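Enquirer: Using the sequences and the hints, build the whole thing.
Protein chains: 2
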Amino acid sequence: MAKIIVDTMGADLGLAEVVKGCLEATSLDNTLELILVGPEEEIAPLVAGIKKIQVIDAKEVITNLDNPMVAIREKQNASIVVALELLRSDESIDGLVTAGATGALICGSILKLKKLPGAKPALLASLIGKDFKPFCLVDCGANIDSPASFLVSFAKMGVSYMEACFGIKNPKVALLSNGAESTKGDARTKEAHQLLKETNLYFIGNVEASHVLDGLCDCVVCDGFSGNMILKNTEGTAKFILASLIQKKNEVNEDGKKLLDEVIKDLTKQFDYNGLGGAVLVGFDKILIKGHGASNHTSIKNIIFQAVKMANGDIIHKMEQNL
Amino acid sequence: MAKIIVDTMGADLGLAEVVKGCLEATSLDNTLELILVGPEEEIAPLVAGIKKIQVIDAKEVITNLDNPMVAIREKQNASIVVALELLRSDESIDGLVTAGATGALICGSILKLKKLPGAKPALLASLIGKDFKPFCLVDCGANIDSPASFLVSFAKMGVSYMEACFGIKNPKVALLSNGAESTKGDARTKEAHQLLKETNLYFIGNVEASHVLDGLCDCVVCDGFSGNMILKNTEGTAKFILASLIQKKNEVNEDGKKLLDEVIKDLTKQFDYNGLGGAVLVGFDKILIKGHGASNHTSIKNIIFQAVKMANGDIIHKMEQNL
Chain A
1 MAKIIVDTMG ADLGLAEVVK GCLEATSLDN TLELILVGPE EEIAPLVAGI KKIQVIDAKE
61 VITNLDNPMV AIREKQNASI VVALELLRSD ESIDGLVTAG ATGALICGSI LKLKKLPGAK
121 PALLASLIGK DFKPFCLVDC GANIDSPASF LVSFAKMGVS YMEACFGIKN PKVALLSNGA
181 ESTKGDARTK EAHQLLKETN LYFIGNVEAS HVLDGLCDCV VCDGFSGNMI LKNTEGTAKF
241 ILASLIQKKN EVNEDGKKLL DEVIKDLTKQ FDYNGLGGAV LVGFDKILIK GHGASNHTSI
301 KNIIFQAVKM ANGDIIHKME QNL
Chain B
1 MAKIIVDTMG ADLGLAEVVK GCLEATSLDN TLELILVGPE EEIAPLVAGI KKIQVIDAKE
61 VITNLDNPMV AIREKQNASI VVALELLRSD ESIDGLVTAG ATGALICGSI LKLKKLPGAK
121 PALLASLIGK DFKPFCLVDC GANIDSPASF LVSFAKMGVS YMEACFGIKN PKVALLSNGA
181 ESTKGDARTK EAHQLLKETN LYFIGNVEAS HVLDGLCDCV VCDGFSGNMI LKNTEGTAKF
241 ILASLIQKKN EVNEDGKKLL DEVIKDLTKQ FDYNGLGGAV LVGFDKILIK GHGASNHTSI
301 KNIIFQAVKM ANGDIIHKME QNL
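Listed in order, the protein sequences are those of chains A and B.
Here the first sequence stands for residues 1 to 323, numbered as in the numbering used here.
Here the second sequence stands for residues 1 to 323, numbered as in the numbering used here.
Don't read these hints as lab results, they were simulated from the structure.
Since the structure is predicted, the reported quantities are computational estimates derived from the model, not experimental observations.
Careful, some of the hints might be misleading.
One copy or any two copies: either way a pair holds, since identical chains are not told apart in the list.
As the list claims (entries may be wrong) - Distance condition first, Cα-Cα at most 30 Å in a straight line; then the derived DSS-like pairs of lysine-lysine: (1) 258 with 239; (2) 248 with 114; (3) 318 with 3; (4) 59 with 269; (5) 257 with 318.
Expert: See the structure below:
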C-alpha cells in the first residue's frame, strides 16, 4: 500500500536503468504506487500502460559537481527539487528514493521538508555483520562536524530503524571509538559516551573499528566523519580483496575458477550495500533513501522495497516516539 | 651495525617467544647487537653463549590495564622504563622494540626521550596497498585530539620514513577525508589541507577511506582518531573475510581446500601488519617500534629488522632535516 517517488535522474547508469528497476518493483508488488520524476518524454514511452506508475515532468538534474545549496535554490525544475516539493505537499506519499547526488538530497530535504522534533538529520547505512546479521551505522556523513549531543539523536533514530525494518526488540547500541574502555575516545566521543549512558537506550559501550562487523550490536553510532571512514573503508577493503580473488582466477583450473566464483559471489552478497538497500536520510517526517550512484535496476528495485518496508514498519511514527 | 634494545615483557605469547625472535634475528645478521630487558633469571638461560645479546635485569611489567602515565612514574623497575632510560643515556643504541603496552611506550617516551624539533609524536603504520606497494598511515592513534597543524608534522615524518625505509624519492602525500575535493572534510581536515598545500611536500590532495589501499600515494596523513579507525577497520574487514574463507573450507573437496589455503595465505600476507613490521612511534630522537601484542617469534624478528632498516636508512637524521 506504499506510495513512493522515484527520482529518475542523476544515476550513473542513466534513466532507463532506473525505470527498469521501477517496472520490476511494480510487477512484484501490485499494491505499490510509484511516481517517477524526470523528463516525461523519455520516461512515458518506457512505462506506457502501467497504471501504478505516474510520471511527473522535470527536465533538469543536480549532479555531484553542483554546489547543492545553490543548485537546490536555482534549479527549480531539477528532478530532486520537483520530487521533494511533491513529497512535502502530498500527505499520501510515504517517501522518496534517488540514486542522484547525496548533497542535493540532504540540502533539499533541509530546505523543503519538516524535521522530526529533536532529530539531527543523519545518513544511516545498513550493513551485514557476522552470520549475515544486519546492523546499522549512523551517521555516515550527513554531518561532518557533529557535536556529542547529535550522536544521541543518531542512536535513537538507528534504534527505530532496526525495530521498524528488522523487528529487533530493544536494539543494542554501541559507540564507535578507539578503544573499548569508556575513557577512550576523542573529546566528542567521551562526551557522547556519557550522554548515551544517561538515555534509556540499550547502550553496550564502545566498539572499536576492528569489531564493527562482529555482530555485537544492532546500531553503531558515530560522528559523520568517522562513519564515512568506516563505511568507505569496509567497502574499499572488501573490493580490494575481491579484486585479488578475481585475479587469482587466472592462475587456476576450471574447478578452481568455479570455487572462486562461488566465494566471490558470497562476498559480494555480504558486502553489497545495494543488496541491503541504500543509505537512509533520517530525521525528517518522510522516508528518504539514497541509492548508490552506480545502482543498477536490481539495486533500484531493492531501495524501492526498502522504502516500502520502512513505510509498512511505520518508521516515521516509531522515530517520533523514540526521539 | 645496529644496536637495538628489546623489551621482553608484556607480549601476549610470553617472554620465551620474544627471546626466540631475538635469537633468530641475531643468527641471521651477525653485525646486529641486541640488549634484552626483562627478568634476567628467565632470559639468561635462553641466550647463554650468544655474544651479541646482552641482558639487563628488570622485574616489573606495565600492562594495558595500568594507567600508563602513573605506571611509568611508579614502576621504576618495569622493563619499558628501564629500557627507555638506557636508550636515553646510551648514545650508541639506535632504538627500542616492544610488544608490550602502547600507552606505556608513548608516555614513557614523552617523559624520557628527546623530541625532534618541530615534531608531534605520532604512531606510523606500514601497510601494503595494490600490487604489494607499501605505504604508511600516520597518525594511527598517538594523538586522539589532533589540531590541523599536527598533521603537517605527521606528513613530514611519514615522508622521511618512506624515503629511509623504502628508498622512495619525493614520496606522495595524501590527506584522509570524506571526499576527494579540497572543500571536503571536517574543520580540522579542511585546515590541514590548506597547510599541507603550503609545504614543499608532494601533496596530491585528499584521499577517501575507500581508496586508501589503492596505492595512489606513499603516505596517508590523518588525525589519530581517524587513523585508528582506518587501521583497525582494514584489519577487521580482512579478518572477517578470512574467517569466512576458513569456514568455506568445510564445504569443499581436497583440491578446493588446497586452493582456499593458498588464497588465505596470500591474503594473510597482504594484511599481516606484523609482516611489514610494527607501528613506529615517530617524533623522538631514537627509533621506537611497537609490535602487535600477539606477536610471535617471527613478528619479533621482523620488527627487529625493521628497526635495523630504519637505523641503516639514517631515519632520525632524515626526519630532522624534513621537519
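Enquirer: It remains to establish, for every hint, whether it holds in the given structure.
Expert: Against the structure, the hints:
In the homo-oligomer, the alpha carbons of residue 258 and residue 239 lie at most 30 Å apart both inside one protomer (19 Å) and across protomers (23 Å), since each shortest distance falls under that limit. In this assembly of identical chains, the alpha carbons of residue 248 and residue 114 never lie at most 30 Å apart, being 51 Å within a copy and 48 Å across copies at closest. For the identical chains of this complex, residue 318 and residue 3 are intra-copy neighbours only, at 19 Å inside a copy versus 64 Å across copies, given an alpha-carbon limit of 30 Å. Neither within a single protomer nor between protomers do residue 59 and residue 269 lie at most 30 Å apart by alpha-carbon distance, with minima of 35 Å and 52 Å respectively.
When the C-alpha separation of residue 257 and residue 318 is checked against a cutoff of 30 Å, the pair qualifies neither within a copy, at 47 Å, nor between copies, at 48 Å.
The structure is inconsistent with the numbered hints 2, 4, 5, although it conforms to all the rest.
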